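J.: Take a look at the letters that make up each chain.
There are 2 protein chains.
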Amino acid sequence: MDQEAPTNPDLVAPLLGVSEDDKSKIFDKGVSHLTVFQTPDRLFESLDYEIIENDLFKQDWRARKKEEVFLYIVTKWAFAFLTGFIIGAAALIINFSVENIAGAKWLVASSYMTSGRTMTAFAIFTALNTGLVFLGAAMTVYLAPSAAGSGVPESKAYLNGIDAPRILEPITMVIKLLGSICVVSAGLYLGKEGPLIHIGSCVAYFLGQGGSLRYHMNWRWLRVFKNDRDRRDLVTCGCAGGVAAAFRAPIGGVLFALEEVTSWWRSALLWRAFFTTAVVAVMLQLGKQFCAQGICGLFGEGGLIMFDISHAYGQFGLLDLFPVVILGVLGGILGSVFNKLNTRVTKCYIYWYLRKPPCVKVIHACLMAILTSACCFWLPFLVKCRPCPDLSDIPGYKCPTHGQTGNFKGFNCPAGQYNDLAGLFFATKDDAVRNLFSFKTYREYHYRSILVFFGVSFIFSLITYGIAVPSGLFIPLIINGASLGRLVGMIMTTTTGNKMDEGYFAVLGAAAFLGGTMRMTVSLCVILLELTNNMLMLPMIMLVLLIAKTVGDIFNSAIWEMYVKIKGYPILEAKPEPFMQQLTAKDAVTTSVVSLSPVEQVSTVLMVLRNTTHNAFPVIGESSTTGRKVFLGLVLRSHLLVLLKNKAFHYASSGSAENSKMLQFTDFAKPATGKSLKIEDIDLRPEEELEFINVRHITNGSPYTVLESASLAKAYTLFRDLGLRHLCVVPREPEEEPIIGVLTRHNFLHENLQNLFPYLMPKKQAAGKTILM
Amino acid sequence: MDQEAPTNPDLVAPLLGVSEDDKSKIFDKGVSHLTVFQTPDRLFESLDYEIIENDLFKQDWRARKKEEVFLYIVTKWAFAFLTGFIIGAAALIINFSVENIAGAKWLVASSYMTSGRTMTAFAIFTALNTGLVFLGAAMTVYLAPSAAGSGVPESKAYLNGIDAPRILEPITMVIKLLGSICVVSAGLYLGKEGPLIHIGSCVAYFLGQGGSLRYHMNWRWLRVFKNDRDRRDLVTCGCAGGVAAAFRAPIGGVLFALEEVTSWWRSALLWRAFFTTAVVAVMLQLGKQFCAQGICGLFGEGGLIMFDISHAYGQFGLLDLFPVVILGVLGGILGSVFNKLNTRVTKCYIYWYLRKPPCVKVIHACLMAILTSACCFWLPFLVKCRPCPDLSDIPGYKCPTHGQTGNFKGFNCPAGQYNDLAGLFFATKDDAVRNLFSFKTYREYHYRSILVFFGVSFIFSLITYGIAVPSGLFIPLIINGASLGRLVGMIMTTTTGNKMDEGYFAVLGAAAFLGGTMRMTVSLCVILLELTNNMLMLPMIMLVLLIAKTVGDIFNSAIWEMYVKIKGYPILEAKPEPFMQQLTAKDAVTTSVVSLSPVEQVSTVLMVLRNTTHNAFPVIGESSTTGRKVFLGLVLRSHLLVLLKNKAFHYASSGSAENSKMLQFTDFAKPATGKSLKIEDIDLRPEEELEFINVRHITNGSPYTVLESASLAKAYTLFRDLGLRHLCVVPREPEEEPIIGVLTRHNFLHENLQNLFPYLMPKKQAAGKTILM
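In order, the protein sequence lines correspond to chains A and B.
Going by UniProt numbering, 8 is the number at position 8 of the first sequence; the sequence numbering is gapless.
Going by UniProt numbering, 750 is the number at position 750 of the second sequence; the sequence numbering is gapless.
Misleading hints may appear alongside valid ones.
All copies of an identical chain are treated as equivalent in the list; a pair is satisfied when it fits inside any one copy or across any two copies.
[Claimed, not checked] Derived BS3-like pairs: lysine-lysine, alpha-carbon spacing no greater than 27 Å straight-line: (1) K384 to K105; (2) K575 to K66; (3) K440 to K347; (4) K629 to K440; (5) K575 to K629; (6) K575 to K340; (7) K565 to K340; (8) K575 to K398; (9) K58 to K645; (10) K347 to K398; (11) K645 to K678; (12) K66 to K340; (13) K586 to K629; (14) K340 to K670; (15) K398 to K565; (16) K440 to K384; (17) K670 to K76.
Hints were generated in silico from the structure; no laboratory data involved.
Every value quoted in this text rests on a predicted model; they were computed, and no experiment measured them.
Please construct the entire structure, taking both the sequences and the accompanying hints into account.
T.: Structure representation (structure tokens):
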């Protein structure tokens with residue numbers, strides 16, 4: 001009944017294009033690097049967001065003192081603060097390390113270049129990159145395979161109510177952090193943004209559980225967050241904090257969490273998430289000011305991703321709308337192409353990795369590093385050197401530059417000339433974006449150079465994301481979009497005499513490409529504004545995002561949604577699908593009810609727990625007046641196990657209330673994932689099994705119910721909007737049994753309903769579903 | 001059962017402190033200027049947000065063509081565009097008119113001042129102001145009394161599901177617009193922001209209804225928005241657009257609607273609201289660029305509220321946190337004091353107005369105009385002239401200035417000197433804010449001047465809001481906060497040597513005061529950032545808002561919430577109150593069920609409709625197998641009336657399905673408020689009353705239900721989160737009647753539950769409720 005498990009090989013395998021032979025491999029060996037396949041033995045469970053209103057809860061609530069309420073609130077806020085603090089620190093560590101490692105790498109390579117020893121420079125450059133990637137990939141593959149990828153789908157799944165424990169464990173967080181540093185320093189076409197979001201979720205998850213038993217880091221006194229609701233709220237804050245740290249965009253972070261990641265939201269949570277991101281922002285600001293004194297090595301000013309173009313031109317006329325529309329449409333089309341190809345490449349990788357030992361993943365990553373290094377190093381040699389332009393009105397203008405950063409790189413050129421492609425390829429990804437966004441650098445790049453850069457970046461961002469290292473998609477997408485935008489801008493300004501700056505076009509291009517892939521609007525817009533610190537660009541960015549999303553939605557769905565599907569997370573969408581109107585709640589009930597009486601013999605309870613996988617059991621009593629069966633409520637498997645473990649038994653079947661005195665509400669607090677009791681933990685003597693157990697006081701007397709005749713669409717709305725785990729279906733007419741079944745996440749999933757009612761999947765469903773709604 | 005009416009005099013009167021004698025007066029005569037008292041005869045109804053899944057709906061859905069779905073979506077977006085366009089135009093009209101009228105007024109007064117004719121200047125100044133206010137107040141009082149006040153509580157109430165038709169009518173919108181122009185030009189301590197939000201809601205409401213029958217402006221073909229859900233969404237967009245127009249803050253607008261005004265929200269709506277605000281932003285930008293050519297009279301650049309301080313210093317250290325905390329605490333305390341006093345003054349006004357003819361309200365407003373003019377004119381004479389400082393590093397610095405705007409007003413001072421108080425009092429409110437926010441103008445104001453200004457502004461903003469004109473609170477609050485902040489800044493920079501600019505303190509002070517009164521966080525923060533166009537101030541503004549809200553929440557609730565209470569709107573809060581856990585759903589059922597059979601004689605239906613005020617009736621049939629009564633679903637009063645009006649009758653009680661052929665789903669579309677059928681509209685011949693009516697096909701077969709034993713808290717969550725109008729309570733044990741009652745908004749209201757269960761209102765409830773949650 002509660003076997004919320006779409007990780008059924010038959011359901012997931014076709015998505016991956018896996019043959020019958022390999023199917024068992026995936027799920028038996030768990031050899032893929034993608035998270036879901038890590039836990040083939042563990043079926044996904046749902047989280048308990050509903051308040052279990054049983055007698056103990058009510059007693060506890062009535063007995064709660066003012067000080068306890070206050071302490072609870074203080075703890076909530078303290079955790080939000082701590083989450084922000086740790087995320088801020090993690091972001092500083094990543095940025096500090098990346099800037100120093102990558103900076104040192106560029107300096108060494110450049111110095112060899114300048115002294116004419118090109119081959120040595122290349123060898124050192126490639127060796128350093130490959131070494132870093134080897135480190136990152138090996139850590140990921142052997143220590144925490146779930147640290148691979150961006151982690152956004154994982155955070156999304158958790159906040160939709162899916163309990164997939166491994167993905168938010170502390171080891172994942174640590175490897176994600178270290179691995180990110182390695183691969184970003186190595187200059188792969190990856191970002192640190194997605195991983196930072198995952199790190200944020202992990203931090204919050206870790207704190208919300210009061211530490212981790214597995215790694216002997218738990219503090220009992222911290223266990224005030226006794227329920228999944230509070231943990232969910234904290235993880236939401238963590239996500240927002242992660243985005244805020246990634247882009248130094250506190251408002252964008254909150255909006256990202258709201259628009260993309262969470263499934264439930266409250267106004268009160270808005271406030272706490274905002275607090276977390278504020279803490280992150282303050283941390284980053286202080287860190288930056290601290291390092292501005294020059295004591296952080298090569299960290300300096302530029303470390304935190306921020307493409308400040310606040311001084312730039314922000315006026316626009318009606319005529320400027322034309323290129324913006326073109327960019328939006330281009331972004332939408334190329335974005336959906338990217339989604340399609342990127343997910344296909346990742347699927348191929350998964351399929352390929354399945355047949356090989358883990359070391360293949362490491363070798364693959366290293367090969368990717370060598371390939372990337374070769375392209376970045378040799379491609380600039382293909383273009384001609386260009387004479388330095390006179391741009392003395394730009395503050396700090398220097399041409400050519402030799403070293404870590406700079407717009408006009410000397411590279412292999414003589415004095416007074418620069419290599420335009422080197423400024424893009426032979427630089428960190430952040431610097432490349434900064435160069436593309438640069439204003440007033442009219443005609444800095446040749447058409448051919450920017451076209452080559454766009455093509456190579458597009459291909460590399462397609463083939464890099466799926467390898468077994470922590471990888472974010474934001475920066476590659478921004479690079480693709482910015483080069484596309486700059487290209488369009490160059491064409492526009494030449495042919496139509498448009499007066500908008502090329503840098504402005506680059507920003508709009510980045511917005512278009514992001515919008516075309518991620519299909520977000522408000523949060524992307526705010527993130528871009530916060531990144532560029534220029535409010536006046538707002539209307540144009542909004543417009544381009546709206547167009548790109550609309551165009552993209554015609555072809556396929558957002559990239560995170562596609563990855564959620566690939567990973568097999570049974571996410572419930574916000575709205576029921578139209579065909580559900582034609583089904584009733586009763587139609588979706590697939591398993592028969594296993595119910596308990598208010599007082600049962602221990603042996604019966606044990607048998608029920610051993611022979612079912614249900615996580616909740618209806619309690620059915622007898623009416624004192626009519627003697628008919630009456631539905632009293634639901635009792636959770638986890639609560640029954642607590643009773644059994646504590647041996648709260650009675651000698652007689654009358655079941656007096658004495659055991660309610662023995663156990664408190666807090667004894668039933670939900671432990672952290674993986675720490676919950678299992679039926680195997682129960683060890684009873686034979687005579688104890690003959691005793692009786694009274695479940696009345698732990699029965700949730702107010703479970704949500706629907707009538708059997710209610711449409712499934714309505715039941716879905718109820719289930720999804722209230723974040724339920726169990727929804728009881730009750731008969732419309734009095735019947736023998738007062739309950740017909742219990743619906744869970746499993747029963748509402750598209751795949752399962754499709755199996756049950758294949759004729760109901762209508763063709764027109766697609767039209768009304770996502771586009772433009 | 002559906003009499004959602006807390007406008008019960010007994011409930012509202014104590015809030016107003018009205019005596020028994022006057023109580024009848026309020027509700028009989030409807031003489032107050034506040035909206036609720038305008039409609040004493042009309043009880044508040046709830047809106048129908050639930051999808052009525054009856055047979056006709058399902059048939060219609062199955063028959064719906066792709067083109068129809070597409071048309072529907074296009075219309076939705078077209079309406080969102082149109083809403084934004086009209087709001088943008090309205091904002092431009094207001095700003096254009098205010099700048100021209102107020103500008104001309106200041107120019108005339110200044111020219112008389114300069115020529116030494118002070119008394120003439122004062123007379124003309126006062127006469128103009130009073131004339132404008134007379135116009136505004138007279139329009140409001142005699143044409144559209146519901147245009148008084150800000151309109152935020154009204155929008156909030158509508159979006160919570162309360163149907164209060166008058167408040168969003170076209171006439172209200174027109175008077176709000178014209179009245180706003182008058183009173184803002186007259187220089188009262190009022191803003192145009194709240195009214196713009198109300199105007200936004202009105203525009204959306206008007207469009208969503210397909211025009212207005214009452215004013216002969218309706219287009220039948222526009223009636224595609226046939227349900228309250230779509231109308232609600234559009235009004236949400238309208239609200240967001242209004243805020244965006246008020247502050248030229250598109251993102252802030254969306255967030256304001258999300259955080260403060262709406263009760264339900266979807267990710268899809270976020271997108272559409274964002275589109276609306278983008279349209280508004282583009283409109284304003286284009287309007288501004290058009291007027292920058294100098295063809296809009298005195299409009300020029302400054303018309304749209306925007307206090308650009310983008311060039312200002314944004315760094316901060318740990319030590320700067322100290323004055324920020326002080327400001328936050330001060331803002332919280334003074335904000336809650338303001339809330340308390342402001343609502344009390346408004347209550348006094350209401351009480352006073354009750355006993356007087358309407359012209360008293362106009363006279364009162366005019367007196368307020370004279371008083372304000374006198375203060376603004378004469379107070380600057382009390383201070384000494386100060387020598388012009390040397391601030392040549394500020395671009396466009398000029399001292400002293402004589403005319404419309406300017407930081408350093410000459411006023412009554414000789415050349416080379418300026419009057420610091422004149423720059424604040426003898427200027428439009430927007431200019432005063434701009435002057436307070438100005439950077440690098442170190443020591444521009446004397447302590448005494450800023451203290452006098454703060455005191456006078458505080459008192460005027462307290463006593464002005466309640467008068468019978470369209471009035472917004474934002475600008476007065478910003479003025480109070482900015483002067484407070486500047487004062488604190490002056491003390492800080494002198495005593496502690498703090499290096500933050502006084503203008504920076506003024507911005508933080510404005511944030512603190514707004515946070516302390518309105519208790520919003522994210523949206524206020526974004527609005528302030530968009531107003532000041534300086535992203536680097538973000539962390540500090542966030543911090544000060546959090547502190548101010550937290551401190552304010554200790555003392556009382558947010559100002560809009562207090563006004564919602566005063567106006568008696570039966571708003572359902574997001575969370576159930578804790579005592580509801582101790583009640584069951586059955587406890588809250590107050591009225592007995594009036595049910596119908598699937599086929600009823602017309603006379604019976606008529607009798608039921610005439611003798612009850614219920615808006616929905618359970619349909620109870622007989623089981624074909626057992627012959628027991630079975631609950632089939634709910635039928636709405638409005639749908640029954642449609643059947644009766646169209647005479648869809650049968651001759652026999654067998655009730656064959658023929659009438660379902662006669663009427664289509666669209667015939668049951670919900671008409672705009674005030675246009676719905678009433679029982680008085682039904683005119684039947686006696687022989688028709690003997691015929692039969694079949695309600696089966698219009699019965700919503702999937703109404704939401706709760707078991708009688710479910711806790712009221714759970715029922716509340718279900719009712720509120722899903723936006724229901726009716727919630728059926730079904731028995732747990734089979735009983736004679738298959739339904740126990742129907743819960744509506746009325747049954748969940750605090751006041752009603754308090755009357756029923758006075759002993760249950762716990763004292764500790766306050767602690768856990770709002771503070772810091």
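J.: Give a verdict on every hint.
T.: Hints, one by one, checked against the model:
1. K384 to K105: within (25 Å within a copy, 65 Å between copies)
2. K575 to K66: between (40 Å within a copy, 19 Å between copies)
3. K440 to K347: neither (42 Å within a copy, 59 Å between copies)
4. K629 to K440: Cα proximity of K629 and K440: none, with 80 Å in one copy and 79 Å across.
5. K575 to K629: neither (35 Å within a copy, 33 Å between copies)
6. K575 to K340: Within one copy only: 24 Å inside a chain, 42 Å across chains, cut-off 27 Å.
7. K565 to K340: For K565 and K340, the Cα distance is within 27 Å only inside one copy (13 Å; across copies 53 Å).
8. K575 to K398: neither (55 Å within a copy, 60 Å between copies)
9. K58 to K645: within (23 Å within a copy, 51 Å between copies)
10. K347 to K398: neither (46 Å within a copy, 67 Å between copies)
11. K645 to K678: Result: close within a single copy only, 10 Å intra versus 63 Å inter.
12. K66 to K340: This pair counts as between: shortest inter-copy Cα distance 25 Å, intra-copy 55 Å.
13. K586 to K629: both (20 Å within a copy, 20 Å between copies)
14. K340 to K670: Classified as neither; 41 Å inside a copy, 43 Å across copies.
15. K398 to K565: Cα proximity of K398 and K565: none, with 49 Å in one copy and 64 Å across.
16. K440 to K384: within (22 Å within a copy, 49 Å between copies)
17. K670 to K76: within (17 Å within a copy, 45 Å between copies)
Consistency with the previously given hints fails for numbers 3, 4, 5, 8, 10, 14 and 15, ordered from lowest to highest.
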